[in-house]
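Chain A is already provided as a structure; the job is to place chain X on it using the hints.
Respectively, the protein sequence lines represent chains A and X.
For what it's worth, our numbering labels the leading residue of the first sequence as 2, then goes sequentially.
For what it's worth, our numbering labels the leading residue of the second sequence as 2, then goes sequentially.
By construction, these hints were calculated from the structure, which means they are not laboratory data.
As the structure is a computational prediction, the values presented were derived from the model and not from experiment.
Where a beta carbon is used, it is the ideal one built from N, C-alpha and C, also for glycine.
Warning: the hint list may mix true and false statements.
Stated by the list, open to error - Reference listing, derived: stretches of chain X covered by chain A, where coverage requires no fewer than 3 residues with Cβ under 8 Å from a Cβ of chain A:
hint, stretch
1, 17 to 27
2, 152 to 164
3, 259 to 267
4, 289 to 295
2 protein chains.
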Amino acid sequence: MNDTFLKACRGEAVDYTPVWLMRQAGRYLPEYHAVRSKYTFLEMCKTPEAAAEVTIQPVDILGVDAAILFSDILVPLEKMGTPLEFHEKRGPVFPEPIRDQAAVARLHVPEPETELPYVLETIRILRRELAGRVPLIGFSGAPFTLATYLIEGGSSKNYFLTKKMMYTDPALYRDLLVKITDCTIEYLAAQAAAGAQALQIFDSWAGVLAPNDFAEFAIPYVKRIISTLKERGVTVPIIYFANNGATLLPQSLESGADVLGLDWRIRLDDAVRVVGQKVSLQGNMDPIALLLPPAKMEALIRDILDQARGARGHIFNLGHGIVPEIPPEQARFFVETVHRLSKRQ
Amino acid sequence: MNDTFLKACRGEAVDYTPVWLMRQAGRYLPEYHAVRSKYTFLEMCKTPEAAAEVTIQPVDILGVDAAILFSDILVPLEKMGTPLEFHEKRGPVFPEPIRDQAAVARLHVPEPETELPYVLETIRILRRELAGRVPLIGFSGAPFTLATYLIEGGSSKNYFLTKKMMYTDPALYRDLLVKITDCTIEYLAAQAAAGAQALQIFDSWAGVLAPNDFAEFAIPYVKRIISTLKERGVTVPIIYFANNGATLLPQSLESGADVLGLDWRIRLDDAVRVVGQKVSLQGNMDPIALLLPPAKMEALIRDILDQARGARGHIFNLGHGIVPEIPPEQARFFVETVHRLSKRQ
Numbered sequence: 002m003n004d005t006f007l008k009a010c011r012g013e014a015v016d017y018t019p020v021w022l023m024r025q026a027g028r029y030l031p032e033y034h035a036v037r038s039k040y041t042f043l044e045m046c047k048t049p050e051a052a053a054e055v056t057i058q059p060v061d062i063l064g065v066d067a068a069i070l071f072s073d074i075l076v077p078l079e080k081m082g083t084p085l086e087f088h089e090k091r092g093p094v095f096p097e098p099i100r101d102q103a104a105v106a107r108l109h110v111p112e113p114e115t116e117l118p119y120v121l122e123t124i125r126i127l128r129r130e131l132a133g134r135v136p137l138i139g140f141s142g143a144p145f146t147l148a149t150y151l152i153e154g155g156s157s158k159n160y161f162l163t164k165k166m167m168y169t170d171p172a173l174y175r176d177l178l179v180k181i182t183d184c185t186i187e188y189l190a191a192q193a194a195a196g197a198q199a200l201q202i203f204d205s206w207a208g209v210l211a212p213n214d215f216a217e218f219a220i221p222y223v224k225r226i227i228s229t230l231k232e233r234g235v236t237v238p239i240i241y242f243a244n245n246g247a248t249l250l251p252q253s254l255e256s257g258a259d260v261l262g263l264d265w266r267i268r269l270d271d272a273v274r275v276v277g278q279k280v281s282l283q284g285n286m287d288p289i290a291l292l293l294p295p296a297k298m299e300a301l302i303r304d305i306l307d308q309a310r311g312a313r314g315h316i317f318n319l320g321h322g323i324v325p326e327i328p329p330e331q332a333r334f335f336v337e338t339v340h341r342l343s344k345r346q
Numbered sequence: 002m003n004d005t006f007l008k009a010c011r012g013e014a015v016d017y018t019p020v021w022l023m024r025q026a027g028r029y030l031p032e033y034h035a036v037r038s039k040y041t042f043l044e045m046c047k048t049p050e051a052a053a054e055v056t057i058q059p060v061d062i063l064g065v066d067a068a069i070l071f072s073d074i075l076v077p078l079e080k081m082g083t084p085l086e087f088h089e090k091r092g093p094v095f096p097e098p099i100r101d102q103a104a105v106a107r108l109h110v111p112e113p114e115t116e117l118p119y120v121l122e123t124i125r126i127l128r129r130e131l132a133g134r135v136p137l138i139g140f141s142g143a144p145f146t147l148a149t150y151l152i153e154g155g156s157s158k159n160y161f162l163t164k165k166m167m168y169t170d171p172a173l174y175r176d177l178l179v180k181i182t183d184c185t186i187e188y189l190a191a192q193a194a195a196g197a198q199a200l201q202i203f204d205s206w207a208g209v210l211a212p213n214d215f216a217e218f219a220i221p222y223v224k225r226i227i228s229t230l231k232e233r234g235v236t237v238p239i240i241y242f243a244n245n246g247a248t249l250l251p252q253s254l255e256s257g258a259d260v261l262g263l264d265w266r267i268r269l270d271d272a273v274r275v276v277g278q279k280v281s282l283q284g285n286m287d288p289i290a291l292l293l294p295p296a297k298m299e300a301l302i303r304d305i306l307d308q309a310r311g312a313r314g315h316i317f318n319l320g321h322g323i324v325p326e327i328p329p330e331q332a333r334f335f336v337e338t339v340h341r342l343s344k345r346q
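So that you can see chain A by itself, here it is in the shape it has in the complex (with noise of 0.2 Å):
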C-alpha cells in the first residue's frame, strides 16, 4: 500500500512528497465528464457507483497520491431540513435561507448511516475498489462556511447577511452554528467508520474573516469538531483548510488539525515560522499555474519543495481547486514532478 500520503499527515519520513488535487474529480478530465453527462450534479453525489468511479479517475490518470471522496460540502445540509439546488449559472442555492431562531430550531442533526447513506456507501466501494493502492480521504465543509450558504441563501459575494448576524445577533448565530457542527461532527464519524483514512475539513470562506472574529466565530467549532471526533476515538488524520487564511494560521493552529492546508497567497516557509513542527502543512501551488511551460513548472514545484523543508512533513497539492481549463497531461506532469524532484532531494 502507498501510505506516504498518511506518514506524510503524521510527520513521518517518507521517501518522496505525496500530492493529490483539490477537486482532481472533476471537469478538466474528458473521463469525468463522461460519467457526469448521465445525471445532475446531486444525482452523481448520491449514485454510490458513479461517485467512486470519478473518485479513482485521477488515481488511475494522475498518479496521485491520494483519493478524495467525490461530494459537495453542501450535501449533508440538505439533510438538516433546508432545501437545496444547484444552478448551472449561480451554482448552490437554499431558496429556505436561515435566518431566525425558528428556522434555526427547525434544523436537524441527521444521522449518516440512514439519512446520508449514499456517501457511506461510496467509501465502502472505494476501499474496495481501492484495495490499499492509495489512501481515502473524506470530507466536510468547516461551519463557518457551511452556514454562510445557509444564511446568505447561497453563495456570497461579501457575506453581509453573515456578518450581520456575527455583528448583531451573536446568540442566533452560536445556535445556528452549534447545530452545524453536530451535524459535521456525526458526518465526519461516520466517514471515518465507514472506512475513510483522512478527514478535509474545507473552511472555503474563512478568508474574509478578520483575525479576531475568526478566534471568536469560526475555530471554535473546528476545535469542537476535532476534539470530539478525537474523544470517540477517530485516529485518522485531520486536515483544515482555511482558504485566503494566511494570517490565520496562529489561530487555525488551535484547530487541533494534524495537518493545515494553505491556499498559494502564502509562501511555505513563511507559514513553517508561524507552525512550527506542531503540523504538516499542504499546498500550495496556484492552480493556474498549471498551464506554466515545463521547465517554468519545474523550477516552480522545486522553490515550493525548498519552502516546504523546514516542514514537520508536505503533502503537495494546489492551492485552491483545478480548473477545467487545465490540460489533463499538464496535470500529470505536475503529479510525476513533485515526484521526481521531491525523490532527488
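Frame of chain A, contents of chain X only:
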C-alpha cells in the same frame, strides 16, 4: 485647514487620528441617490458638478478628514481605446478584451487635459468648494488590477485569462502592463497638477497573486509609476492599497509609496512588525463591522487604534469600501468615535 490626514501620511505628529472611508461617496447615503438618479454611472463620472457634489457629501455628513474624488478606476481605460459599459448586474464590461499583440498595439495613452478633462475639472471645482476644509485625494487603479479588466473583459472569478497570459506569454503581458503604466503616470500627474493633494493607487485584485508572482507581475509597475511621479516633482503623498495583500507587504514596501492601505484580514500590529517606520498605514476595520452596536464598535475601534500605536503614521479607514446597506448614522458614529478615542490617547 484640516491637514491631519496629510500629516499622518507623512508620519508627522497629529492631534488625533484622521479618518475617511473608502467609497464614502456612495449608495449608503440618500443624498448620493438624489444626485445619482439623474445620471448613468459613467455619465456621473463625466459630469464635474455632480461628481464634485457627491464627493463633498461625506465631508458634510460624516465629518471625515479627507475627500476622495468621485470617479472609477476604469474611467481612463475607456480613453485608451477600449469601449467600456457598466451593466447593473454584471458590473463593468469591456466588450473588446485585450488578448493579443495587435490589440495591445492599438491601445493609446490618453492625454488627460484633452481626453479626460471632466476628471481634472472635478478636481478644480472641488479644491475651490472645499476651500481648505479637508484635503482632496485623487486616485487610479494599479496596472495589474486594470489589466485584469482589459484581459478578462470585465470582472472575473479566478483571473484565469490574466494568469494564463502571465504564465504563457509574459512578453505580451509586459507590453500591456507598460502601456497601462504609462497611461496611469500621465493620469495621476495631471490629477496632482489640477490640485489633488494626495493620490491613492487601488490594486483591488493584487490579493489573487502568489507573493512571487506579485513581485514579478504587479509591483514593478506600481514602483515605476511612483518613482516617475516623484522624478517629475509630484510631492503629494501616495497611498498604495493592495487589497487582500497581507502576505504582500514586503513587496508592497518596494513600491515607494508613502502609505500602505490594509484590509481587515491582517492585524495592524502585525503589519507594523513588517513595515517598521518606513511608511504610514491606512485601515482597517471590516466594513460590515459598521453594523456593530455602539459599545462593541467602540471596543473594536479602540483595539485598532492600539494596534496602530507603533506605526509611523495611521489614517483610520475601513478595510474595503462601505456597503450600501449601512445606516449613515452608524458611519457617523464610526467617524466621531475614531476622533474621540484617538484624542484621548
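Checking each numbered hint in turn, tell me which of them this model violates, lowest number first. 1
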